[in-house]
Amino acid sequence: MVDNSEIRVVVGMSGGVDSSVSALLLKQQGFDVVGVFMKNWDDTDDSGVCTATEDYEDVKKVADEIGIPYYSINFEKDYWERVFEYFLNEYKKGRTPNPDVMCNKEIKFKSFLDFAMDLDADYIAMGHYAATKVDENGIVHMMRPKDGNKDQTYFLSQLSQDQLKKVIFPLANLTKPQVREIAIDAGLATAKKKDSTGICFIGERNFKKFLSEFLPAQSGKMVTPDGKVVGEHAGLMYYTIGQRSGLGLGSTKESTDPWFVVGKDLKKNELIVEQGYDSKLLYATSLDASGVSFFTGQPEHDIDLKCTAKFRYRQPDVGVTMHYHAKDNTVHVEFDEPARAVTPGQAIVFYNGEECLGGATIDRAYQNEKQLQLV
Numbered sequence: 027m028v029d030n031s032e033i034r035v036v037v038g039m040s041g042g043v044d045s046s047v048s049a050l051l052l053k054q055q056g057f058d059v060v061g062v063f064m065k066n067w068d069d070t071d072d073s074g075v076c077t078a079t080e081d082y083e084d085v086k087k088v089a090d091e092i093g094i095p096y097y098s099i100n101f102e103k104d105y106w107e108r109v110f111e112y113f114l115n116e117y118k119k120g121r122t123p124n125p126d127v128m129c130n131k132e133i134k135f136k137s138f139l140d141f142a143m144d145l146d147a148d149y150i151a152m153g154h155y156a157a158t159k160v161d162e163n164g165i166v167h168m169m170r171p172k173d174g175n176k177d178q179t180y181f182l183s184q185l186s187q188d189q190l191k192k193v194i195f196p197l198a199n200l201t202k203p204q205v206r207e208i209a210i211d212a213g214l215a216t217a218k219k220k221d222s223t224g225i226c227f228i229g230e231r232n233f234k235k236f237l238s239e240f241l242p243a244q245s246g247k248m249v250t251p252d253g254k255v256v257g258e259h260a261g262l263m264y265y266t267i268g269q270r271s272g273l274g275l276g277s278t279k280e281s282t283d284p285w286f287v288v289g290k291d292l293k294k295n296e297l298i299v300e301q302g303y304d305s306k307l308l309y310a311t312s313l314d315a316s317g318v319s320f321f322t323g324q325p326e327h328d329i330d331l332k333c334t335a336k337f338r339y340r341q342p343d344v345g346v347t348m349h350y351h352a353k354d355n356t357v358h359v360e361f362d363e364p365a366r367a368v369t370p371g372q373a374i375v376f377y378n379g380e381e382c383l384g385g386a387t388i389d390r391a392y393q394n395e396k397q398l399q400l401v
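If you count the sequence shown from 1, you need to add 26 to reach my numbering.
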C-alpha cells in the first residue's frame with residue numbers, strides 16, 4: 027500500500043476557498059503538503075490597496091490552521107512576458123484573447139510546476155474543478171468534474187500530457203457548496219470569502235480604462251454591413267463579436283431591436299454592427315483554429331472526429347466534426363448547427379462524452395465556406 031506521507035504535493039494557494047480546501051483534503055489524506063502563494067501581477071488599486079497582500083495573509087492563516095509550511099513566489103516577470111504581452115498583441119490584431127487559458131499553460135502549470143519540482147514535489151494541486159483518469163497504458167485523460175457548473179476544463183485545455191501527469195485535482199468529486207461546507211466545518215479563514223471573478227490583472231477596474239493605459243485607442247466609424255454609418259466606436263479593441271451593451275445605439279424607425287457587433291474591419295478601422303437578435307452575420311457554420319493541444323499527445327496523422335465542443339466558458343456543448351491537420355497542427359471544425367458569435371482569439375475546446383480532449387485558438391469563422399469578417 028502506498029504511504030501518502032512519502033508523496034509531496036505542492037499546492038498553489040490563491041487565498042480563496044477552493045485552493046484552501048484542496049490543501050486541507052490533501053493534508054487529511056496524509057500527503058506531505060506544502061502551500062505556495064503565487065504573485066503574478068502588481069494589483070495595487072487606485073487607492074493604494076494591494077489585494078495580493080490580503081490574499082497572502084489569508085494563505086498564511088489557512089496554512090497555519092491546516093498545519094503546513096508555506097512560501098510565496100513572484101512570477102510577475104513570467105506573467106508579463108508570457109501572458110500579458112500575448113493579451114495585448116491579440117487585442118492589437120482585433121481579436122478577443124483568453125488570458126486564463128494562457129495563464130494555466132504558461133504560469134500555473136509551467137513556472138509554478140518548475141518551482142514545485144525545485145521543492146521536491148511529486149505532484150502539484152490547486153483549486154481547479156476538473157478530474158483525471160489514468161488508462162491501462164498509463165496515459166492520463168482529462169475528465170469533467172462532478173460540478174458541471176464550475177467545470178474548468180475549458181481553461182485547462184492547453185495542458186500537455188507531461189503537465190497532466192504531475193497534477194492532482196482534489197475537488198474533482200465535489201460541488202462548490204460542498205467545498206464551502208468543508209471549509210466552514212474546518213473553520214478555515216477563507217470559508218466564506220467571496221470568489222474572485224474576471225481577469226486577474228484587471229480586478230474591479232474598468233476594462234476600457236485599463237486597456238487604454240497599455241494600448242492607444244483609435245476611434246472610428248460604426249457601420250452597418252452595407253456601409254451605412256450609424257455611430258462612432260471608441261476603439262476596435264473594446265468590442266467583441268456578439269456584443270450588445272455599450273454601443274450607444276438606439277431603436278430605429280424600422281425596429282426597436284438592440285444592435286450587436288457582427289464584425290470588424292481593421293484596415294478601415296470600422297466596427298460592423300447590425301440590428302436584431304438573429305443577424306445572419308453572427309452565425310458560423312465552420313471555423314479554423316490553430317495551436318491545437320491534445321491532453322493525450324499530438325497525433326502524427328490527420329484525424330476526422332465527431333465530437334462536441336465549447337467555444338466559450340459555460341456554454342452548453344455543441345455538436346461538431348473536427349478535422350485535425352497534423353502537418354501544421356490546426357483544425358477545421360464544422361458545426362452540426364450554425365453557431366452564434368464565434369470569436370477569433372477565444373478557445374475552442376473538444377469533448378467526447380465526459381472526457382475533455384483538448385483545445386485550440388479560433389482564427390477564422392465561415393458561413394457556408396464564406397469567411398466572416400470578424401477581424
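Just so you know, the hints here were simulated from the structure itself, not pulled from any lab data.
Hints are not guaranteed to be accurate.
Cβ pair distances, simulated, as ranges [unchecked claim]: (1) Ala352 to Lys159: 47 to 57 Å; (2) Gly317 to Asp343: 43 to 53 Å; (3) Arg270 to Asp221: 19 to 29 Å; (4) Met143 to Thr79: 38 to 48 Å; (5) Lys294 to Leu145: 52 to 62 Å; (6) Pro95 to Glu239: 45 to 55 Å.
Here are the simulated DSSO-like cross-link-like pairs (lysine-lysine), alpha carbons at most 30 Å apart as the crow flies [what the hints assert, rightly or not]: (7) Lys234 to Lys306; (8) Lys294 to Lys353; (9) Lys192 to Lys202; (10) Lys118 to Lys53; (11) Lys235 to Lys192; (12) Lys136 to Lys176; (13) Lys247 to Lys218; (14) Lys294 to Lys279; (15) Lys87 to Lys103; (16) Lys294 to Lys191; (17) Lys332 to Lys176; (18) Lys202 to Lys254.
Quick caveat, the model's predicted, so the values are computed rather than measured.
Ideal Cβ positions, reconstructed from N, Cα and C, are used throughout, including at glycine.
So, going through the hints one by one against the coordinates:
1. Ala352 to Lys159: 47 to 57 Å: Violated: the Cβ-Cβ distance is about 25 Å, outside 47 to 57 Å.
2. Gly317 to Asp343: 43 to 53 Å: Cβ of glycine 317 to Cβ of aspartate 343: about 21 Å, so the range 43 to 53 Å is violated.
3. Arg270 to Asp221: 19 to 29 Å: Taking Cβ atoms as reference, arginine 270 and aspartate 221 lie about 25 Å apart, which means the hint holds.
4. Met143 to Thr79: 38 to 48 Å: violated (27 Å)
5. Lys294 to Leu145: 52 to 62 Å: holds (53 Å)
6. Pro95 to Glu239: 45 to 55 Å: violated (38 Å)
7. Lys234 to Lys306: holds (28 Å)
8. Lys294 to Lys353: The given pair, whose Cα atoms are some 34 Å apart, is violated under the 30 Å limit.
9. Lys192 to Lys202: Holds, at roughly 24 Å.
10. Lys118 to Lys53: violated (45 Å)
11. Lys235 to Lys192: violated (39 Å)
12. Lys136 to Lys176: holds (23 Å)
13. Lys247 to Lys218: Answer violated: lysine 247 to lysine 218 is near 47 Å, above 30 Å.
14. Lys294 to Lys279: holds (28 Å)
15. Lys87 to Lys103: holds (27 Å)
16. Lys294 to Lys191: Between lysine 294 and lysine 191 the Cα gap is close to 48 Å, so the pair fails against 30 Å, i.e. violated.
17. Lys332 to Lys176: holds (25 Å)
18. Lys202 to Lys254: violated (49 Å)
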